[in-house]
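Once you have looked at the hints, place chain Z on chain A.
Protein chains in written order, with our numbering: chain A, 1 to 280; chain Z, 1 to 269.
Mixed in with the good hints, there may be bad ones.
Unchecked claim - Dumping the calculated DSS-like pairs for lysine-lysine here, alpha-carbon to alpha-carbon at most 27 Å:
(1) K177/Z - K166/Z
(2) K256/Z - K155/Z
(3) K166/Z - K155/Z
(4) K94/Z - K155/Z
(5) K4/Z - K94/Z
(6) K4/Z - K61/A
(7) K111/A - K94/Z
(8) K126/Z - K155/Z
(9) K94/Z - K185/Z
(10) K3/Z - K61/A
(11) K256/Z - K185/Z
(12) K166/Z - K94/Z
(13) K57/Z - K37/Z
(14) K18/A - K28/A
(15) K4/Z - K63/A
(16) K18/A - K126/Z
(17) K155/Z - K177/Z
(18) K155/Z - K185/Z
(19) K3/Z - K63/A
(20) K28/A - K111/A
(21) K177/Z - K63/A
(22) K61/A - K256/Z
Unchecked claim - Computed footprint of chain A on chain Z, listed as stretches where at least three residues anywhere in the stretch have a Cβ under 8 Å from a Cβ of chain A:
(23) 195–209
(24) 225–233
Keep in mind the hints are simulated off the structure, nothing from the lab. Note that beta-carbon positions come from the ideal geometry of N, C-alpha and C, so glycine has one too.
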Amino acid sequence: MSFYNWSIAGPLKFIGLKNFYRLIIDPKFYQSLGNTFWYVLGVVPLTIIIALFFAYLLNQKVKGQGIYRTVYYLPVVTSIVAISVVWKWIFNPDRGIFNAFLSLFGIEGMKWLNDSRGLFEIIFTPLGINLSGFFAGPSIALVALMIMTIWHSLGYCIIIILAGLQNVPAQYYEAARLDSANGWHIFWYITIPVISPTLFYLLVTQTIIAFNTFTPVYVMTQPPGGPLGTTSLVVYYLYEQSFRLWNLGYANAIAFILFIIIFLLTQLQKRFIEERVYYE
Amino acid sequence: MNKKFVHIFLIIGAIWMFLPFFWMISTALKTQTEALKFPPTLFPQEFIFSNFTEAFKEVDFARYFLNTIIMTFGTAILVFLTSALAAYAFARLKFFGRDLIFTIFLAMMMVPMPVYLTPSYVILSKFRWIDTFFALVIPWCVNIFSIFLLRQHFKTIPQELFDAAKIDGLNHLQIIKNIILPLSKPVLITICIFEVVSNWNSFLWPLIVTHSDSMRTIQTGLAYFAQAESTNYPLLCAASTFTTMPLIILYFFVQKQIMESFTRSGLKE
Numbered sequence: 001m002s003f004y005n006w007s008i009a010g011p012l013k014f015i016g017l018k019n020f021y022r023l024i025i026d027p028k029f030y031q032s033l034g035n036t037f038w039y040v041l042g043v044v045p046l047t048i049i050i051a052l053f054f055a056y057l058l059n060q061k062v063k064g065q066g067i068y069r070t071v072y073y074l075p076v077v078t079s080i081v082a083i084s085v086v087w088k089w090i091f092n093p094d095r096g097i098f099n100a101f102l103s104l105f106g107i108e109g110m111k112w113l114n115d116s117r118g119l120f121e122i123i124f125t126p127l128g129i130n131l132s133g134f135f136a137g138p139s140i141a142l143v144a145l146m147i148m149t150i151w152h153s154l155g156y157c158i159i160i161i162l163a164g165l166q167n168v169p170a171q172y173y174e175a176a177r178l179d180s181a182n183g184w185h186i187f188w189y190i191t192i193p194v195i196s197p198t199l200f201y202l203l204v205t206q207t208i209i210a211f212n213t214f215t216p217v218y219v220m221t222q223p224p225g226g227p228l229g230t231t232s233l234v235v236y237y238l239y240e241q242s243f244r245l246w247n248l249g250y251a252n253a254i255a256f257i258l259f260i261i262i263f264l265l266t267q268l269q270k271r272f273i274e275e276r277v278y279y280e
Numbered sequence: 001m002n003k004k005f006v007h008i009f010l011i012i013g014a015i016w017m018f019l020p021f022f023w024m025i026s027t028a029l030k031t032q033t034e035a036l037k038f039p040p041t042l043f044p045q046e047f048i049f050s051n052f053t054e055a056f057k058e059v060d061f062a063r064y065f066l067n068t069i070i071m072t073f074g075t076a077i078l079v080f081l082t083s084a085l086a087a088y089a090f091a092r093l094k095f096f097g098r099d100l101i102f103t104i105f106l107a108m109m110m111v112p113m114p115v116y117l118t119p120s121y122v123i124l125s126k127f128r129w130i131d132t133f134f135a136l137v138i139p140w141c142v143n144i145f146s147i148f149l150l151r152q153h154f155k156t157i158p159q160e161l162f163d164a165a166k167i168d169g170l171n172h173l174q175i176i177k178n179i180i181l182p183l184s185k186p187v188l189i190t191i192c193i194f195e196v197v198s199n200w201n202s203f204l205w206p207l208i209v210t211h212s213d214s215m216r217t218i219q220t221g222l223a224y225f226a227q228a229e230s231t232n233y234p235l236l237c238a239a240s241t242f243t244t245m246p247l248i249i250l251y252f253f254v255q256k257q258i259m260e261s262f263t264r265s266g267l268k269e
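Next comes chain Z alone, as it looks inside the complex:
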């Protein structure tokens, strides 16, 4: 194909992909009257920043941000710990039923989240965890795919290293901390990024396990805001802009790692 045509198609595609973002930011900077003009103006006639501050005043977005940060980093840290320990056990220890347990773990990955939504809710309400951070963090503190990725990686580390460490009198925890983890940095970064992105964006789970306004995450807060202010599009676009911005900024810094982590681990809604 002619190079010119290739570029034309690619540019059309890029415009199409970028247009919703452009439109979100453009609307967020307009007044309500200008936003409702038809045919619409592409760029705001004058740039208004009050929509952002006003959205923060209407509902408690500061609180939602805080909740989301606690949830995201709490989960990421726990996943980091559990995955490292479990993967070490699966890769390097010999115990009865190890491979069977690992197979069962992998099979459980096949079950999509909506299927176990209702049972999980009942279990969490028995624990009286509904509407607490426990419900947001604890059920996600084990990620089977992270265990899988790390296990595969641990298996590539030569056995001699472990033997040498044992001879030097290191116990298992010391081996993990001093030898394995420093050797697994790329995989660990992949796992952490995936956890941060998917927790920041998770919606269905927080929607179900939290009720009160003070427990809302940024995503459920935005959905709530969208229903409360269903026609004030400049406000909604402003709110959408600042909920997506942190990840978009992160994306521009660690684009390669993000692509890598999603390519490896698949998507999760």
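Just chain A, same shape as in the assembly:
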């Protein structure tokens, strides 16, 4: 389909590679790719690191582990639409609870979902470095989406990592303690290598899920795609081209590229990270 000029009405016309040519020169496509890049780069590692932290704490045989697990896992079964509605309200610039919370510490609230300024732009401009476009980093609006996404996927990752931690054989820890290794050493040289297949699995699946994010962009940002298009992720752009503008052929060219990127990324991760993963 990506080789055709295809709209829902009107004749079908074979146009060869023109859709791909159009894609190469489309600045909006590059913007959505750049947004997705920052989004994935922010969401995936942070989610896994935070989840590792909480899973490690939960694994300390604390009282009430069941209650904590229940609460942490709760977002996983709630719909992203409802959650996006609630977080939009939380991030409300004038009345939202997020800014109210910040003001308790005397921090001035931000405009969050309406703010198109890049994160690095804000950090580096006072230092006299001007960054724009892709290098301005994710916009504040996109950062707000990232915070929500991390919140939403955290519980799932915690439970998966916790299951991994509980499978670490106790005699490994005993042996390490006999060798008088300290807590940090045990964590770094025993726990991490043993659960590395779990972490690798999460890395791959979370990357794919993050690449396919659509709902928060659609529900939370107004106009959809955010201020100046700074929250338009690839799948949202695909949706817009396909089901708002009815450029079905062009949308398929985008879908094709998306597929290639995801495929290559998982292969790359396999190649370079799986080598370091320790399997028993």
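For chain Z alone, kept in the frame of chain A given last:
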């Protein structure tokens, strides 16, 4: 690490995870004026339940609930049937190209949904299925991962059982119904729960294949409501509360199975 610190961190984490839910319910019980106060009040000064009834009046949430229930259970039942049959074939029958077909099935699982969104839409519109329950249910009536899970499970059932059943003169369907399915209850429950949760929450697909108000599911209905009433947050929070409640209640009853089914099958948006 000191146990006290562990608890402090865990409690902070739990508050952070629970706060949005608390805020959703709290706002849903406030009047519009109180909700817009700044700094906000944590608990409603007086509890108002009219937001719930009003949200139901504004748009046809009853209809959306009905649509979602039809979609969810229709899909779950079909997946149950197709998975059981296909998994039996892949696990126990010998036919030409079986392993090749299974490999192709598994490879297809790698393709993320947005990639085939547009082609699926075109195919469904050729069938004139757009905006019908067929479009909501039929494309999802086969779930490869369920087939995979069941196949793995069927392979662990000892061959002697099958031989005995054959000697007793049971045909394939009878073997499935009387012998295999009763032995596979945990896996089947896992599959059904996963289907119910993911269909109840599915959004992008219903958004694309349905247009009319009477075909909206609970999720697309909520998104539509959120755009129509973009500033009336007590109403929106009330609507969000009753769209999430059924699954949250289900979660408190079958928490273990839900965690299990998602741990096994991965997430799908």
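Consistency of the hints with the structure:
For the hint linking K177/Z to K166/Z, the alpha-carbon distance of about 14 Å falls within 27 Å, and the restraint holds. Distance check on the hinted pair: K256/Z and K155/Z sit about 25 Å apart at the alpha-carbon level, within 27 Å; holds. Restraint check for K166/Z and K155/Z: satisfied, since their Cα atoms lie roughly 17 Å apart, inside the 27 Å limit. This hinted pair checks out: K94/Z and K155/Z have alpha carbons roughly 13 Å apart, not beyond 27 Å.
A distance of roughly 60 Å separates the Cα atoms of K4/Z and K94/Z; the hinted pair therefore is violated under the 27 Å criterion. Distance restraint check for K4/Z and K61/A: the Cα-Cα separation of roughly 13 Å lies within the 27 Å cut-off, and the hinted pair is therefore satisfied. The straight-line distance between the Cα atoms of K111/A and K94/Z is roughly 63 Å, outside the 27 Å bound, and the hint therefore fails. Note on K126/Z and K155/Z: the hinted pairing is violated, with a Cα-Cα distance of about 40 Å set against a maximum of 27 Å.
Distance check on the hinted pair: K94/Z and K185/Z sit about 25 Å apart at the alpha-carbon level, within 27 Å; holds. Straight-line distance between C-alpha atoms of K3/Z and K61/A comes to about 9 Å, which keeps the hinted pair within the 27 Å bound. For the suggested pair K256/Z and K185/Z, the alpha carbons sit about 15 Å apart, so the restraint of at most 27 Å is met. A distance of roughly 15 Å separates the Cα atoms of K166/Z and K94/Z; the hinted pair therefore holds under the 27 Å criterion.
Our distance criterion of 27 Å between C-alpha atoms is met by K57/Z and K37/Z, whose separation comes to about 26 Å. Of the pairs offered as hints, the one joining K18/A and K28/A holds, with about 17 Å between alpha carbons and a cut-off of 27 Å not exceeded. Taking the CA atoms of K4/Z and K63/A, the gap is near 11 Å; set against the 27 Å cutoff, the hint holds. A hinted pair counts as satisfied when its Cα atoms are at most 27 Å apart, and K18/A with K126/Z qualifies at roughly 25 Å.
Only pairs whose Cα atoms come within 27 Å are accepted, and K155/Z paired with K177/Z is accepted, the gap being roughly 16 Å. Distance hint between K155/Z and K185/Z is fulfilled; the C-alpha atoms sit about 15 Å from each other, no more than 27 Å. For a cut-off of 27 Å, the pair hint linking K3/Z to K63/A stands: about 10 Å separates their Cα positions. The hinted pair formed by K28/A and K111/A meets the criterion: a straight-line CA distance of about 24 Å does not exceed 27 Å.
At roughly 44 Å between alpha-carbon atoms, K177/Z and K63/A are farther apart than 27 Å, so this suggested pair is violated. A hinted pair counts as satisfied when its Cα atoms are at most 27 Å apart, and K61/A with K256/Z qualifies at roughly 19 Å. With a threshold of 8 Å between beta carbons, the proposed coverage of the region 195–209 of chain Z by chain A holds, since 7 of its residues qualify and at least three are required. With a threshold of 8 Å between beta carbons, the proposed coverage of the region 225–233 of chain Z by chain A holds, since 3 of its residues qualify and at least three are required.
Taken one by one, the earlier hints fail for this structure at numbers 5, 7, 8 and 21, listed in ascending order.
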